[in-house]
Amino acid sequence: MGSLAVRSAVLLLLLLALPLALGEYWAFQLGLFFLYAIAALGVALCWGQAGFLPLGQALFVGLAAYLSGAALIQWGEAWWVFLLLPFAAIAAGALAFLLGLIIFRGRSESGPYFAIITLAIALLAFQVANSWNAVTGGYNGMKAIPGLPGLEGFSDVYYLAAVALACAVALCGWLVQAPLGTLWRAIALNERRVAYFGYDTAMLKAIAFGLSGVLAGIAGALYAPQQGLVTPELVGFALSADLVIWVAVGGRKRVLGPVLGAVLVGILSAELRERTYYWDLIVAAVFVFVVLYAPGGIGALLAPLERLLPGRRKALEPLRAPASKAPRSAVTLAIDGVSAAAGEVRILDRLSLAVARPGIYCLIGPNGAGKTSTFNMLTGELRAQAGEVRLDGDILSKPTPYRLARRGVGRKFQIPSVFGELSIDENLRIAVWSARTSLLDWLRPATRRWDTPVMAALRGRYPFLDDGGRLASALSHGERQVLELSMALITEPRLLLLDEPCAGLSSEETAQVREVIRWARDTLGLSVVIIEHDMALVKQLAEHVFVLHQGRLLAEGDVAAIRSDPRVHEVYVGAAE
Amino acid sequence: MDPLLVTQALNVLYEVVTLAVIVLGLAIVFGLLGVMNLAHGEFIALGAYVAYVCQSHGLPYLAAVPAAIAACALLALPVERFLIRPLYDRPFDTLLATWGLSLFMRKAIEIGFGGGYKSLKIPVSDSVLVLGTPFPAYRLLLMALCAALIAALLLWYRRSVAGARVKAMVGNRELAQAVGIRTDRLARDTFVVGLCFAGLAGVMVAPLVSVQPYMGLDYVLRSFFVLVVGGLGSPLGLLSGAAAIGGVESAMSALVDRTAGYSTVLLIAIFFLWRRPHGIFGRS
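Here the protein sequences line up with chains A and B, keeping their order. Going by my numbering, the first sequence opens with residue 61, and the numbers climb by one from there. Going by my numbering, the second sequence opens with residue 303, and the numbers climb by one from there.
Incorrect hints may have been included.
Unchecked claim - Simulated restraints, written as ranges between beta carbons of each label pair:
| hint | chain 1 | residue 1 | chain 2 | residue 2 | range |
| --- | --- | --- | --- | --- | --- |
| 1 | A | Glu293 | B | Tyr419 | 15 to 23 Å |
| 2 | A | Ala390 | B | Asp486 | 53 to 61 Å |
| 3 | B | Gly336 | A | Gln237 | 34 to 42 Å |
| 4 | B | Val308 | A | Gly447 | 55 to 63 Å |
| 5 | B | Pro380 | A | Pro209 | 52 to 60 Å |
Just so you know, these hints were derived from the structure itself, not from any lab. Glycine is no exception: its CB is placed at the ideal position from the N, C-alpha and C atoms.
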């Protein structure tokens with residue numbers, strides 16, 4: 061945190077000294093592009109952190125500008141008009157948050173379609189601004205907006221813009237380092253996995269979009285008095301497009317990237333566009349180059365400088381995390397006559413099985429028997445067409461990974477899915493925070509220091525987990541399997557679904573995982589359902605075995621009973637003649 | 303029949319058919335290759351400007367057809383090689399890179415021809431009587447040409463060996479490679495053909511629209527909306543999407559005004575993108 065404060069203070073001082081050196085014209089130009097930089101910070105929050113691209117951000121700039129312009133025209137003389145401007149920004153943020161929540165709840169991916177939706181909404185807003193003469197002034201715009209009371213000349217407004225920009229940079233720097241930033245980056249990497257840890261990812265993305273709306277709103281609210289004029293152009297395509305270009309060229313992953321982009325590219329454009337025809341061609345070419353080969357943008361060049369700054373990480377004292385909000389009692393699960401199909405293919409065929417008390421259950425069966433599909437059906441990724449599932453006696457209707465995780469159901473995937481571009485520490489923390497955090501905790505840096513006995517015990521068993529700064533992508537396959545298993549256990553689930561947890565592990569590693577699963581069963585009192593092909597492992601671990609065949613339960617019982625069951629033999633090695 | 307009604311009906315039909323031909327190129331590139339080409343509109347603009355150049359040099363209008371196809375193909379080849387091919391597994395970046403390309407092309411056109419409107423003479427200026435109502439002959443001719451072009455493309459796609467190869471590539475790229483189809487080349491050719499269709503559409507509509515550097519933006523969004531509403535990869539989807547978007551827009555424009563028409567289209571598009579991204583007939 062120290063370095064952040066130092067950085068912001070230095071930046072602020074520099075900014076405040078600038079107009080003395082440069083004069084009125086530059087104070088005006090720089091002030092304008094500082095405002096654009098604030099809006100660009102919001103785009104970078106969505107795109108560089110949470111991984112979705114808003115392509116119509118001008119909508120929120122424009123909305124706040126019209127609101128602020130109307131307020132100034134009405135009450136421009138009164139000092140308390142300053143108190144109204146924040147509401148313009150908050151209104152823009154609220155609209156962004158609501159739009160985000162509605163869109164993200166409707167569809168969980170955040171690919172190109174989200175970008176096109178936001179662009180279409182911005183174009184719609186342009187139509188409204190352009191034709192609603194009575195309110196917006198139509199094509200000619202809202203004219204003769206008075207300046208802010210008490211601020212004379214361009215340099216006063218410049219100072220206001222500079223302070224607003226410094227605050228926005230500090231806010232974004234805070235957010236990026238807060239737990240919320242880690243969760244956003246995790247969503248950008250693998251949203252589905254984050255949902256399986258019990259996070260409402262649509263809500264998290266909507267928060268990012270809402271905050272970007274607030275930042276765009278701050279820019280818009282100050283734009284109106286700075287320019288004295290708001291036209292529909294501000295809402296339209298051009299500014300939305302420029303914001304994305306500035307963020308891309310400046311670097312979307314770094315806090316200062318969008319500021320660099322907006323101020324450097326923006327000001328150069330404003331100056332050079334008049335003088336050389338080819339400037340816009342160069343910008344377009346640079347943009348394409350950045351997309352193809354340099355996703356870090358100009359901001360990536362700052363990385364060596366940052367290392368020179370003092371005050372980097374001290375070892376943090378761990379804090380005991382609060383207890384999980386998920387229920388703690390032993391789980392009961394009953395699958396009753398469930399059928400599911402994908403197209404013509406019947407995957408589950410009146411499957412019934414029950415997990416009545418804590419223990420280690422193995423789910424076996426030949427390929428295509430419906431083992432992974434059973435997990436997918438439980439977590440709602442495969443729709444059940446008939447039958448019902450009861451968790452703790454309540455019927456599960458429309459389960460989602462998020463809701464199940466909240467009720468204490470964890471899952472580990474067949475292909476280890478950890479967050480590769482996050483550090484081991486961050487991966488573990490995402491698990492610790494699961495079902496323990498509220499919105500306030502996501503903003504507090506102290507949440508990063510949370511620790512639990514389970515986490516400490518796992519660290520003791522697996523020393524590589526202590527090397528917290530390493531990126532998860534640098535781990536071996538076996539280590540990744542262990543990391544994901546550890547993450548699943550740290551959430552302290554009541555029911556844990558493991559899909560081939562030992563696939564690709566050496567026999568030594570397999571033995572270790574076996575021990576951890578037994579240990580977890582004993583200390584957490586949980587039920588584990590393991591899909592496993594390795595019969596030796598099943599023999600060692602299973603207290604109860606379910607054999608699936610063609611989507612149905614073929615047999616169940618302890619290992620000895622299954623081994624002597626002729627139907628099981630028939631499925632695995634063919635009928636004895 | 304009521305002449306006003308006939309004219310209105312013909313106008314709606316005209317809007318729908320020309321919209322379908324505008325979309326055709328993107329339907330190939332996005333529908334078959336999955337490339338979200340945001341520079342689609344600029345290739346339409348390129349076709350229209352080629353037509354303008356041909357006409358202002360006193361060449362017959364038909365000369366613009368091979369010229370536009372050649373121009374689009376020449377540009378599409380390097381674009382495919384350096385922009386599209388490296389990004390096949392990064393759809394998000396494809397969107398951004400083609401968007402950058404569209405900014406580039408738009409600006410280049412503006413530098414080359416100036417920012418103002420260009421108007422082209424209509425090649426066939428007579429009007430003919432349809433059910434007793436006069437209607438511009440060029441529009442009728444255009445409708446017939448568009449319908450013929452779409453039908454020919456469909457027939458080729460369904461019946462030809464090359465069409466079968468494309469289908470194989472779309473269905474499973476690795477498997478198509480394994481049975482000896484050179485998917486790299488096939489994807490390149492498909493992309494180039496798609497952009498040539500865009501240029502051709504530009505030549506066809508140029509005399510009836512205002513030709514200016516920013517015309518492409520409108521076309522690409524509309525094309526994209528048609529494909530989302532209609533659903534990808536089926537000719538029925540293309541036509542129903544064009545009917546929905548073009549029909550609603552021209553009907554609303556006639557009943558209220560142009561703003562209402564365009565706004566309704568945007569609302570429909572937002573709804574489909576959000577709730578039914580696989581189109582009217584698609585399963586969600």
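Against the structure, the hints come out as follows:
For the pair Glu293 (chain A) and Tyr419 (chain B), the beta carbons lie near 19 Å from each other, so the given range of 15 to 23 Å is met. The supplied range of 53 to 61 Å is met by Ala390 (chain A) and Asp486 (chain B), whose beta-carbon atoms lie about 57 Å from each other. Between Gly336 (chain B) and Gln237 (chain A) the beta carbons are some 37 Å apart, a value that agrees with the proposed interval 34 to 42 Å. At roughly 58 Å, the beta carbons of Val308 (chain B) and Gly447 (chain A) sit within the given window of 55 to 63 Å.
The hinted window of 52 to 60 Å between Pro380 (chain B) and Pro209 (chain A) holds, with their beta carbons roughly 57 Å apart.
Checked against the numbered hints given earlier, the structure satisfies every one of them.
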